[in-house]
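Student: These are the residues of each chain, in order.
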Amino acid sequence: MNKKHMDEIENQMKLANAGIPEKERDLFADARPVKVDPFNKYYEGFLNWARSRSLWMLAFGTGCGAIELRPLMTSRYDMSRYGIAPRPTPRQASVFIIGGYSSIKTIKRIVRSYEQMQGPKYVIALGSCTINGGMYYDSYNTINRLDYYIPVDVYIAGCMPRPEALIAGFNRLKEKIRAGECEGMNEYTEKFDWYKSNQKQIIKDWNMPDYNW
Amino acid sequence: MEQLIRKIKGMVSLKAYIKQRDDLHFITVKKEQLELILSHLKNNEGFTHLAFLQAVDFIEDGKFQLTYMLCNYETNVNLGVLVLIDRDKAEMNSIHSLWAHAWQYQRELFELYGIDFPGSPRVHESFVLEGWDEIPPMRRDFDTLEYSDQTFYQRPGRSTNDPAEYMKEKMYKNYAASPMIRRDNE
Amino acid sequence: MSNLSKCKYRGYEADRSKYPEMENGKAVIDLDSHKYTKIWQGPQHPGVTGNMSVELIVNGDEIVHAKTHVGYLHRGFEKLMERRKYIQCFPLVCRICVPEPDTNEYCVSAAMEDLAGITVPEKALWLRTLNLEMSRVASFLMWIGGQAGSLGMGTIGQWTVGMRDFWLDLFEEMTGGRVYHMYMIPGGVRKDLPAGFKEKTRELITRTGKLMDDVDKSFMSNVIVKSRLQGLGIITPEMVDEYGIVGPNARACGRECDIRINNPYVKYDQLDVKMITSTVGDAYARAQIRYQELRQSLDLMSQILDRIPEKGAIQAKMPNLVNWKIPAGQTYIKAESTRGEHGFYMVSDGSEKPRRVFARGASYTHAIAVLEKLAVNISLSDLAALMVSLHTCPPEIER
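Residue numbers (the working numbering), protein chains in the order written: chain A, 1 to 213; chain B, 1001 to 1186; chain C, 2001 to 2399.
Hints are computed from structural coordinates only; laboratory data are not their basis.
Take the hints with a grain of salt, since some may be wrong.
[To be verified] In silico lysine-lysine, BS3-like type, Cα no more than 30 Å apart, as pairs:
hint, chain 1, residue 1, chain 2, residue 2
1, B, Lys1015, C, Lys2210
2, C, Lys2267, B, Lys1063
3, C, Lys2267, C, Lys2210
4, A, Lys23, C, Lys2353
5, C, Lys2067, B, Lys1042
[As the list claims (entries may be wrong)] Going by beta-carbon spacing under 8 Å, a handful of chain A positions derived as facing chain C:
hint, residue
6, Gly61
7, Tyr140
8, Arg145
9, Asn186
10, Lys204
Backbone N, C-alpha and C fix where the C-beta goes; we use that ideal spot for every residue, glycine too.
Could you put the whole structure together from the sequences, leaning on the hints where they help?
Tutor: This is the structure we're talking about:
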């Protein structure tokens, strides 16, 4: 790529960051997320094998599904034997577990946390309420389908899903990662405008940057 | 308790008195006399615990009913003090000086019902909603299903059934309309 | 805020002569002066209970101002219940408090029974008592894990949360659900006890008692736990009425308020429930009270198991619940959850759907007004321990 071409792309891809005050705008990135193509088929296959064996999940209990994550950490279900460990900050995590329904106030934080996670990143959605609203289908404050706001790799149905179901969901995620099907991050990049317009439709006071690195 | 009710009748004009259980009573007072009666109950009658303050929307009468639930730890009696206020100009005197946690309920009522409490601390701050621009959601004329359908995307394939109709069609054909539950052994 | 000027915190006395500057009894906090930092703890933070956040202004690592933000779990239950028939409310109410759903179920069914004038059979009341006590044990076990985790002791949490899982197994056997049970319905309970349930419960009571001995040795008597919790977040007796503090938090400073004793519901009047109080009022006293109450709940459960009648109806004769109309009226039912007074206020207008249902959770005041008061002057690292020691449960704040 030559320099002229680069500049052109850069100018096209600037984000407005309209939600934050003028003087704070240069604190945040205004570049769009970039798609990361697989480097080489065999090398990527090896990386996917490695990724699937160390899933670090973000400990953000967004809903009541978080209560079944706690038994999963204890000796009876013991998720460490699957290579899954809880991490306190999004920068260190690779799996985001949405624990059930997300209210409008939470989806704003979910979007920010998801964008702050380093790639490759995966999302597991717990519970029926992330699939189609579940029993909160008529609530004024909870979203109905999560995949309109962030890309979702695996859904685990049920209310509550049992710890066994969670383990099965994690194993399904591992299979998908090894098969190279978990392209949620690239999907988010490609359909960035669509995701943003969906998010901005429900988050009325958009006082955050358009994309968090 | 009868003694107390007689005493309150002497103090303020009591619009109604209901005895629900031995340990639960409701009195309805005038809007202007609420602070007087609450401070009397708190300071002199031992009703020191404010369990909650909530509103009920009686949209047919155009009124909000505010319920101040007090509890007496010595006699273990709950007393609900009810006030009816107008729905159009919903405004009420604040009681944050009597109980230090009352402002929380008043902030919630302002957000979810649109009842204003002038002078209450942080009353106009957002409580559970962020960027809400509709009418207050707990009012009866706010249709939550319609709002949800318009705002959030529905996943196709979901269906909702009325339980009575569904039971009539699918499960208990003979029993759905009967006034009592019947079991197999009856 | 007058206590800000002379702050003595565990032997360390801060120099408050320069700042915060006081004006009309209030501290002037100017963030641009670079003396203070604003920090958000939560909602994405391992040190908060559930999904809520605290906006802190710190000076060094001392908190000078705290403001809570809730509403991340608001689902509008009360609005949704206005759209549902009475029996359809049950799947919703148990989700108001996740660690302890049975108190909600009891309160709602008791409120409907109170309004409709239904008497619950003897055996159903005993089964309800058993169910409520089991949920108390499960919630306390979860709490011990949280309190230990907030102090950095992961092992205790592994033990107690692991043990809680066996209680969830019993719940599953009894009710069919692990976390949400929907066991109590208006008029009684759904099912009788399965065969062999009493023996299994007795065995688990013994095992939990043994675990509690270990917890006593390694957690309650631990010198680090004592030194970190003693003197933290002191609730004074004057605060109890002013802030509406209930449950173990109020009992830790000497207030005798246990609804199981003061206003006995289900079968608590026939059980030997003791009032457990302390006079210290700090986080360690609260931990001790919860520990002893867990022990007492185990003891109560053995009493209940001996006294559950073998035969008898488990449901009252009920109208058809599909189109059940409850006479107009209003009622307030309260029960003692692990966090204190948990109550439901229900207003009926004579139709098939409730006019208004309000859930009064004990955390409502504990997590907002009380936390904002107690968090001032403590160290940033103690905030998580303080939040857990108040036993806050965010879903019951915003419902």
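Student: What are the numbers of the hints the structure violates, in ascending order?
Tutor: 1, 2, 4, 8, 9 and 10
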